[in-house]
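Number of protein chains: 2
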Amino acid sequence: MSFFFLNLVKNIVMADYVDMKTLKFLLKEVYDANKLTKYDKFKEYDVESFEMLLDSTKSFSDKFLKPFYKEMDTNPAHYKNGKIIVHPSVEKVMRNAGENGSIGSIFSYDDGGMQLPLLIHQANGFIAGAANNGAIGYPGLTSGAAHLIVTFGNDELKKRFTPKMISGDWGGTMCLTEPQAGSSLSDIITSAKKLSDGSYSIKGDKIFISGGDHDYCDNFVHLVLARIDGAPKGTKGISLFAVPKNNIDENHNVTDSNNVTTIGDFQKLGEKGFCTTHLAFGEKGVCKGWLVGTENKGLSHMFQMMNSARIDVGMKGASLSTAAYLSSLEYAKERPQGRRISSSGNKNIESDQVNIIEHPDVRRMLLFQECISQGSLALLLQCSLYYDLSKVESDEKKEKYHDLLEILTPIAKTYPAEKGLESISNGLQVLGGYGFCTDYDLEQYYRDIRIMSIYEGTTGIQSLDLMGRKIIMKNGESFKFLINEFKETIEKASTYEELKPYANTFKNYSKDLSDTIMELIQIAIKGDHERYISDATIFMEYMSNVVIAWQWLKISACAKEKIINGADDHLTSFYEKKIHAMKFYFKYELTRNKGIKEILLHPDSLTIPNKEKKIFI
Amino acid sequence: MSFFFLNLVKNIVMADYVDMKTLKFLLKEVYDANKLTKYDKFKEYDVESFEMLLDSTKSFSDKFLKPFYKEMDTNPAHYKNGKIIVHPSVEKVMRNAGENGSIGSIFSYDDGGMQLPLLIHQANGFIAGAANNGAIGYPGLTSGAAHLIVTFGNDELKKRFTPKMISGDWGGTMCLTEPQAGSSLSDIITSAKKLSDGSYSIKGDKIFISGGDHDYCDNFVHLVLARIDGAPKGTKGISLFAVPKNNIDENHNVTDSNNVTTIGDFQKLGEKGFCTTHLAFGEKGVCKGWLVGTENKGLSHMFQMMNSARIDVGMKGASLSTAAYLSSLEYAKERPQGRRISSSGNKNIESDQVNIIEHPDVRRMLLFQECISQGSLALLLQCSLYYDLSKVESDEKKEKYHDLLEILTPIAKTYPAEKGLESISNGLQVLGGYGFCTDYDLEQYYRDIRIMSIYEGTTGIQSLDLMGRKIIMKNGESFKFLINEFKETIEKASTYEELKPYANTFKNYSKDLSDTIMELIQIAIKGDHERYISDATIFMEYMSNVVIAWQWLKISACAKEKIINGADDHLTSFYEKKIHAMKFYFKYELTRNKGIKEILLHPDSLTIPNKEKKIFI
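Sequences listed follow chains F and X, in order.
The first sequence begins at 2 in my numbering and counts up one residue at a time.
The second sequence begins at 2 in my numbering and counts up one residue at a time.
Calculated directly from the structure, the hints in this document are not laboratory data.
There's no promise every hint is true.
[Claimed, not checked] Keeping only pairs whose Cα atoms sit at most 30 Å apart, straight-line, the calculated DSS-like set for lysine-lysine is:
# : chain 1 : residue 1 : chain 2 : residue 2
1 : X       : 512       : F       : 595
2 : F       : 348       : X       : 298
3 : F       : 508       : X       : 595
4 : F       : 71        : F       : 81
Taking the hints into account, I'd like the entire structure generated from these sequences.
Structure representation (structure tokens):
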């Protein structure tokens, strides 16, 4: 390869994967993380300690996550002789996550945790995920599984399982999917038979178990959905069990196998370093599980983990699109090619080539990436803040924040996945042919992000949740809370002359959203629920555009305030960029809702199988 | 793996990759391939012989292309000791392409070709590309390179190079890109110095050379852009040369090396079996090239090949999205999961699970894929037909068809690539977690199609071509021809009661397109060319939606005519599906233009670097 080419590769490798300045701006200025430290629960922290945590995550990611990003991809996790072989850096990642407390970071002090706000925990996850989204899945799922036990398990279970999970010595997983049921959890058949010692004998197959097995943990605790013999059909007969891979004695030492057999590892398009296993419980002998929480309430318990896992997945989307954005931005700033078109429409071939960032179409792709990646991050931090407030606020406000989190979660999971993919594809496009080559990370980002719209409930399922449950729950109470949040932002933005027209535009699009919902709900009221829900995914796209526009307006209002209150030139330019990005989002994305609304209100019903069973496909 | 899982895999592998019935319907009924045989040039053919050719391509593809699709991906082409190692099936593919005449299929009989209409040649390419898009690149580029020589080369050059290319013994390539220039061809620096024997000494580096080297051809003929010493700067000083890898004697036997050195092979996201080489000309000694056509006219000669290569790339997009569609359709028909939502909004868990094709959201994804893949195919066949008519019609009509081809080529290249990707991503989504696994072809389609918006001029470049040249060329003459074609279709569709409202809707959107163009052109007339062109890619999206809607309306009118003229139940159902797909396209895609128009006419200019050099990124 020519020197020139190598030089380009070298440059791009040096691009940073995360924009700490924007992250801290969002945390400190837009969402005012400081105010959380006024609450008793978080009183041990202050803004400086938050910042130190973020910086230390960045250092760790620089050293132990980013360097193995490509290596974990080119040496995928795989099945060999009954074992899953993963990249050795997984050991370091698990150990460090235990040592720095991140596995139990949001758990209470009593439960062995750091009692950190989710806002900061997610910000840390954002950084680490941008460095190596696959690797952080291992401690991430362990954290989620342990969190389920500390929330719903009794003291004995907590004592038995969680200390070694929080320390990173043991891994944790969530085992929902079965081959014959897929997303249809009412159809799972894994069985649980009560034994004389109070535990249950678990028997069944689980697939797509992320982080399900490897050699760098002494043990695994699987959180398994199963049916106790005689339980009701459907989702109302599902219970939750903690099922260790190996049996242990009272000192947490592994004794013998608990008959959880590793059957295989799915080979995938992306996140290749993060194993996706097929496990069989009780196939080779008795496999003991312990009931977590209440009999037949397993699914609702699991949903606690699912909800937080959905935020995690959304954040991975935001991480990946951010890393891709910064990578293509760096390239565009340094790659000379072509010339600008003059006002007369000609190009001056006597002049030097310009860097491609000067070309409007390249800038459009970069601004698009900026809007998607930062808009996604903003929404996820907003959700995390609502989560924290729902834990520490007075009862009445608690409910409000909880409901806001509920209605926004499907969007916060889906938008960063779906739009993030489009964003990364634009990033790849900025590099042209090089973007398609493995010398750059773009193609890996493009592969990795594709799973985010499948993990933890597909986009279709999130959309059914949004339109079929969240929008209408409590007579639309959550939606009303959201509209009130919109109003607050509109009011604040309207106080600035430059932002007023955009606040007004946003108001119109948000009114359109409300009107469209009211019109669609009529279909459900008239009794045609299937029709009401049939375009839920289109509705998701429609509502997401408004929600992200809201975040951008909020960011702009904050940025404008800082400029007016006096910021130096450098900071002013930083804040002005945010306002510019908002304008870009409003022009290039929000306007699309004019067309999407037409789809939602279109009279033709074309996707529902008709009565004569004619399948028009 | 459980039996159930293997069973699913088995089923999906059996899904067909191409819908011959739809292809033949388009060729015979919508575009009336038969009428081509009335022209002298094609008089040796009839519809039956066309059909036989298609069927034989299908048989060959079944046997020798599809079975190696995944294998060529898992054993990528790569560089080793100065050579490129490719999959052994490349030998069979080249030999067969030579034997069945497909490399020279559209060449005249005099030039050793089959004098086949491009319409049929492209239909064959569609089938083969759906089976194995990477493999057919080898004969495809050989054909394109040979076509350049037969079109612009003198008799001596033709005799020297083309027979062995047409027979598949030698490969051919196009060498444009250089490391420092990328898409900016005015900046290429490969040099050509005239030698005493009339040939030229070529010196320079070329990258991204598809099919540039392997062991299964005895020789390669590279079509290289270079500057003759003293030539003008920019694109006006570029000439075209035929540069063999090895020197030959008068009997076409290889004698010695012509000093074309293979430097490396780019490792890629997709099309891994199709090598992408880095070649150095004249690095190790004199490398001789022969001028093809006129000095300094190389770029315009090359554009003949580029234009047809653009149609080829569009067709690969249509092929891949078709194969993906059929694969996910098959899966959806056989995969049971979940239950339909009843009118009351509940699900009956006592009933069996339904196949997922019953779920509206899955049907939406499938119909979307049908619309994109078949709409793309239709447009590409339409373009091929215009090409053929531009060769055989009277002079006046020739120009019309040529202009129609000119204005549609950037769309026919871009739409199947950009929307095809979205379509395949929907296909992957239909399979859920399985779609992300390498057991199915979906993930490979998703990777392979990503290059189509980069090959032969990126989407950005196609869009500049559309908006900056094609729309305004000859005072908008081409666009007027297109509007007339629209009118013809509107008139025909309006004669059917069922289609009338859609014809009317289309009329409105097509008027919107004309109005928007008129409004945008004012910006150029006022002298701001950079602004006029700055959203060319958005304009591409906008115009493409109308063009594909036109194709669907045309297809529907033809289908409706067949139904009314009396078709049996089975055929009626086939035709009704086409009309249903048209309706789907109008509701879910065409409507989006309402929002896209707002972007194009939005007053904010946000992507042009402003005068103070503030870069708002």
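Verification of the hints:
1. X:512 with F:595: Distance ~18 Å between residue 512 (chain X) and residue 595 (chain F) Cα, so the pair holds.
2. F:348 with X:298: Given pair residue 348 (chain F), residue 298 (chain X) holds - Cα atoms ~19 Å apart, limit 30 Å.
3. F:508 with X:595: holds (19 Å)
4. F:71 with F:81: holds (22 Å)
Checked against the numbered hints listed earlier, the structure breaks none of them; every hint is satisfied.
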